[in-house]
Amino acid sequence: MKSEMTVISAKDTPSPTGPYVQALEGAGLIFVSGQLPIRSDEAGLRQQDFAAQVQQALANVFAIVRAGGSAPDRILKVTAFIVGLDHAAQFNSVYAEAFGTHRPTRSLVTVPQLPNGHLVEIEAIALK
Amino acid sequence: MKSEMTVISAKDTPSPTGPYVQALEGAGLIFVSGQLPIRSDEAGLRQQDFAAQVQQALANVFAIVRAGGSAPDRILKVTAFIVGLDHAAQFNSVYAEAFGTHRPTRSLVTVPQLPNGHLVEIEAIALK
Amino acid sequence: MKSEMTVISAKDTPSPTGPYVQALEGAGLIFVSGQLPIRSDEAGLRQQDFAAQVQQALANVFAIVRAGGSAPDRILKVTAFIVGLDHAAQFNSVYAEAFGTHRPTRSLVTVPQLPNGHLVEIEAIALK
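As they're listed, the protein sequences go chains D, W and E.
Sequential numbering of the first sequence, starting at 1, is according to my numbering.
Sequential numbering of the second sequence, starting at 1, is according to my numbering.
Sequential numbering of the third sequence, starting at 1, is according to my numbering.
There could be a bad hint or two in this list.
No copy labels: a pair is met if it fits in one copy or bridges any two.
SDA-like mimics (lysine to any residue), calculated; alpha carbons at most 25 Å apart, straight line [unchecked claim]:
#  : residue 1 : residue 2
1  : 2         : 84
2  : 2         : 102
3  : 11        : 112
4  : 2         : 99
5  : 128       : 51
6  : 2         : 98
7  : 11        : 87
8  : 11        : 85
9  : 128       : 63
10 : 128       : 12
11 : 2         : 63
12 : 128       : 14
13 : 11        : 98
14 : 11        : 40
15 : 11        : 48
16 : 128       : 6
17 : 11        : 71
18 : 2         : 67
19 : 128       : 5
20 : 128       : 19
21 : 2         : 73
22 : 128       : 3
23 : 2         : 101
Simulated from the structure, these hints should not be mistaken for laboratory data.
Start from the sequences, fold in the hints, and give me the full structure.
Below, the structure written as structure tokens:
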């Protein structure tokens with residue numbers, strides 16, 4: 001018998017803007033799609049400062065893992081995509097405060113551009 | 001006893017162009033190497049239009065997950081690398097049509113360049 | 001009961017330079033954070049040639065998976081981030097020699113820049 005896959009959908013988080021779901025659970029893991037700094041009212045934060053964008057993208061990731069029955073401190077891996085390295089120190093500061101004592105594994109990846117001029121996108125893999 | 005790892009190799013898909021395998025299965029998951037828009041006759045499609053490149057890269061991913069005993073609708077996570085955001089809407093259109101009703105989690109990542117001038121590369125993680 | 005997550009920390013490898021751990025084990029997998037070409041004495045190798053940088057980043061990955069009770073030949077997936085494609089052939093050569101007969105799945109991703117002028121960063125997922 002095939003193992004099961006479960007679609008996870010969080011309230012109060014932005015709907016996917018393309019052909020993907022917020023998260024899927026399978027093999028004991030929760031895969032969270034790349035989250036842009038968009039609020040649940042669908043307002044993008046590209047005109048806000050970088051710190052606010054990181055906070056919002058992480059808030060989306062956290063809400064989604066909670067909706068899947070997991071928690072931020074059960075996130076195993078984060079991949080964060082940022083435009084330019086200028087904000088790296090600020091990214092680490094906001095990110096560390098959001099995670100508290102938990103430290104997932106991470107890659108911080110620079111990209112040429114993100115949709116709609118946003119500066120950060122964050123994806124994650126959590127333990128169910 | 002250590003859990004097992006299985007090498008997956010699909011017929012009618014391009015051979016790896018470097019030191020990697022098409023896919024490996026382990027821990028209930030199938031990891032598919034980034035697939036360029038290359039046909040099984042090893043012809044690259046960089047001179048074809050973007051839509052054709054997306055179709056071919058996805059066809060390679062789908063053939064590989066099937067060869068591993070999984071299926072396109074059991075793909076949990078896709079990471080798609082594209083050169084520039086200009087093609088994002090077209091990417092979504094071709095991608096959605098290829099997947100049908102299934103919607104994996106996804107990050108769409110822009111990169112400065114891809115091998116041999118290709119415009120898209122797609123990797124995936126599927127549930128066995 | 002929730003499944004467990006284990007923090008992995010290798011001796012003789014560089015300490016994380018930000019809010020992340022070297023590796024975490026969960027769901028039968030070991031997730032290794034992106035490794036830069038930094039030695040355990042924290043000296044960066046950005047002034048060394050590209051081949052030396054690839055060797056060091058891989059050595060860090062290998063030491064970390066071994067510290068987690070796994071091994072280089074149990075790595076399922078590698079994502080390598082490099083600045084520019086000029087070094088791709090050299091990357092493949094050094095990489096293939098380091099892995100020997102084992103061939104993980106892989107995506108080789110170009111990025112605009114990496115921290116401190118380094119030219120390569122390598123992350124991995126291994127089977128426990």
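Which earlier hints can't be squared with this structure?
1, 3, 5, 7, 8
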